[in-house]
Structure formats: structure tokens, C-alpha cells
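Q: Sequence:
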Amino acid sequence: MPPALDELEITVSPSLTGISSSSFPLTLLGENPEGDPPVMGLDNAGKTSVILDIEKALAGEALPSAQPGQTRLRVERFEVTLVELPWSQRSRSAWRSHYGGAHGLLFVLDSGDPARVEEARKVLSRVLSHPDVSGKPLLLLANKQDAAAALLPCELIERLCLERLVNENRSPCRIEENTKGPRRKKRKVKVKKKGWGSQTHLKSRRDRE
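In this note's numbering, the protein residues as written are 1241 to 1449.
Among the clues, some could well be false.
If you anchor each label on the Cβ, the simulated ranges turn out as follows [said to hold, decoys possible]:
1. Ser1289 <-> Pro1371: 27 to 35 Å
2. Ala1387 <-> Arg1314: 30 to 38 Å
3. Asp1372 <-> Trp1327: 27 to 35 Å
4. Lys1362 <-> Ala1389: 18 to 26 Å
5. Arg1314 <-> Glu1395: 31 to 39 Å
6. Ser1305 <-> Arg1332: 16 to 24 Å
7. Asn1407 <-> Glu1319: 27 to 35 Å
8. Ala1355 <-> Ala1334: 25 to 33 Å
9. Arg1317 <-> Gly1340: 22 to 30 Å
10. Ser1365 <-> Asp1283: 15 to 23 Å
11. Gly1341 <-> Arg1410: 17 to 25 Å
12. Tyr1339 <-> Phe1318: 27 to 35 Å
13. Ala1334 <-> Thr1288: 12 to 20 Å
14. Arg1356 <-> Arg1314: 29 to 37 Å
Since the hints were derived computationally from the structure, they do not count as laboratory data. Each residue gets a CB set at the ideal place from its N, CA and C atoms; glycine is no exception.
Given these sequences and hints, build the entire structure.
A: Take a look at the structure:
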């Protein structure tokens, strides 16, 4: 019988200013120019605006791109192309063609639309269970955290069944908050979820005032 695998870790990484350069792990990029991370998520999740936020946060040199939906950057010693995957049914069938060469995946979630979290869970489950994705790191961007109905990262972990998904598919996961507007008050409390690349296990809890 093979030895039991250690439980994989989830990092919940609250950020006061949205996406930061330290919150975008270079492990998602790799050194292979073909290993560019796909940016996926439901329609209206904010994928395009998130890519612009990442571009600003990384402060990389913008490079010309020959194809629509692609953003090319030179960041330190890396050249990376962020590929926004369209949501249409026909386009989703082609998502898998981007999995094999990717070193990691970005999944954008609209935190302010709780009604579609179950739909997002099913999509994320299908993505992570693909053999070309299993074992690769996942950066889940909890977008629109300034929305009145926004779910907290700890709530998203539960609603997405994220612990089960990442452990079944051996995909290390990090959740990063992102917002355009001012954030509500929040405090940090201990959480049992383990962290990707960190031993500080925190979650964000906003005061519902």
C-alpha cells in the first residue's frame, strides 16, 4: 500500500490594495515560454480587469501581442503571456488545449455573485480533474470583494469544496482577494486551513456593519 499523501495546503492571502507583486507567484510562470498561465472563470467574473491589475502589480515591460485576448509581459527574467480564455460554450471546449504547457492556472471568481458559485465549483472541478492540470498550482482570485454581497475567502473555500478539490487533484491552491473600491473593515483570525508557501494560517473576516 502506498504511503498516505500529506494534506495539501490552501493559503488565504488578504491584500489591502488588491493584487500585489508578492501575491502573484512566479511558480505559475516557469521558464518555458510556452508555459504561460491561462486566465479562466465564468463570464462577467472580471477576467479582463484582473489581467490589467496583474500587469500593473508586476510592473513588467509590456510586449506586443499578435493575438487578441493575450497580454505579454517581461517580468524580471521571465517572458509571460497571460491568456484570457473565453467563456462561450464552443470556446470552453478548447480550454484543455492550454493546460498541457501551463505551469499553473488562474481562476477568477466573482465574489459578489453567490448565486453562481455552484456553477463555478463545477467548472473548477472539471478543470482540476483534467490529467494535464492535476498537480499544478492554482491561484484563485476572489474578485469584486468590495461588493455588498461578496463572499469571504473562507466562505468560498466551503462553497467551492476547495479543500476536497485540491487534495483530490494534488493542486496547491492560493486565494487572493481583489477589489476596485474601498474595502470594508476586516480583522484577521486563526483558521484551520493550511497555507501555500506560508505557515501563517489566516482568513479575512469583515465586520458586517
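Q: So, for every hint listed, does it hold in this structure?
A: Taking the hints in turn, this is what the structure says about them:
1. A beta carbon spacing of about 31 Å between serine 1289 and proline 1371 agrees with the range 27 to 35 Å that was offered as a hint.
2. In this structure the hint that alanine 1387 and arginine 1314 lie 30 to 38 Å apart at CB holds, the actual value being about 34 Å.
3. Distance hint for aspartate 1372 and tryptophan 1327: a CB-CB separation of about 20 Å, inconsistent with the stated range 27 to 35 Å.
4. The hinted window of 18 to 26 Å between lysine 1362 and alanine 1389 holds, with their beta carbons roughly 21 Å apart.
5. For arginine 1314 paired with glutamate 1395, a C-beta distance near 37 Å keeps the hint of 31 to 39 Å intact.
6. Between serine 1305 and arginine 1332 the beta carbons are some 22 Å apart, a value that agrees with the proposed interval 16 to 24 Å.
7. For the pair asparagine 1407 and glutamate 1319, the beta carbons lie near 33 Å from each other, so the given range of 27 to 35 Å is met.
8. Taking 25 to 33 Å as the suggested C-beta distance range, the pair alanine 1355 and alanine 1334 conforms, at roughly 27 Å.
9. The hinted range of 22 to 30 Å is satisfied by arginine 1317 and glycine 1340, whose Cβ atoms lie roughly 23 Å apart.
10. Our hint of 15 to 23 Å for serine 1365 and aspartate 1283 holds, since their Cβ atoms are close to 18 Å apart.
11. The hinted range of 17 to 25 Å is satisfied by glycine 1341 and arginine 1410, whose Cβ atoms lie roughly 19 Å apart.
12. Checked against the hint of 27 to 35 Å, the C-beta distance between tyrosine 1339 and phenylalanine 1318 comes to roughly 20 Å, which is inconsistent with it.
13. Take alanine 1334 and threonine 1288: their Cβ atoms lie about 18 Å apart, and the range 12 to 20 Å holds.
14. Between arginine 1356 and arginine 1314 the beta carbons are some 35 Å apart, a value that agrees with the proposed interval 29 to 37 Å.
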